[in-house]
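Residue numbers for the sequence shown follow my numbering, so the first one is 1 and each next one is one higher.
Keep in mind the hints are simulated off the structure, nothing from the lab. All figures in this text were calculated on a predicted structure; none of them were measured in a lab. Worth double-checking, as some hints may not be accurate.
Think about it this way: if two alpha-carbon atoms lie no more than 30 Å apart in a straight line, the pair counts; the simulated DSBU-like pairs of lysine-lysine are [said to hold, decoys possible]:
1) Lys83 with Lys63
2) Lys86 with Lys65
3) Lys63 with Lys86
4) Lys93 with Lys65
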Amino acid sequence: MRKVVSVLSTCLGIVVLSFMGVASSSATQLQCLGTEPFWGLDVEGGVIQYSDIDDNITMFELKEKLASINHTNRWIIQGADSKEGKITISLSKTEQCSDDMSDFAYEYDVTFAMGENAYSGCCNRIKN
């Protein structure tokens, strides 16, 4: 139980998804989390870092950032790694994402595929 509380605290307070130009031309950081299972993403400086509940970390090189050509609130981020394969992250600005643990509404829905698994969670933008 203590480890779960610690991981939840990490997911809620520390995990940051940084992405240049997600919502504007300026640098943007997104604080992201996922539950059941707990996970975190950190995308910064051309590197994508995934961490799980056991603090296992997988690193990917940021390869591509794409904005939807017909929706102004959706993006795809892709990364690759020589051992782990690839990661594809889909980000949508909904203003109503729920972490299923609180009544808090997050700004972004995030879904990503890594290996044979897909994960979903929420993000909030933090202006620099």
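Hints, verified against the model:
1. Lys83 with Lys63: holds (15 Å)
2. Lys86 with Lys65: Between Lys86 and Lys65 the Cα gap is close to 14 Å, so the pair holds against 30 Å.
3. Lys63 with Lys86: With Cα atoms ~10 Å apart, Lys63 and Lys86 stay inside 30 Å; holds.
4. Lys93 with Lys65: Distance ~16 Å between Lys93 and Lys65 Cα, so the pair holds.
The earlier numbered hints are all upheld by this structure, with none contradicted.
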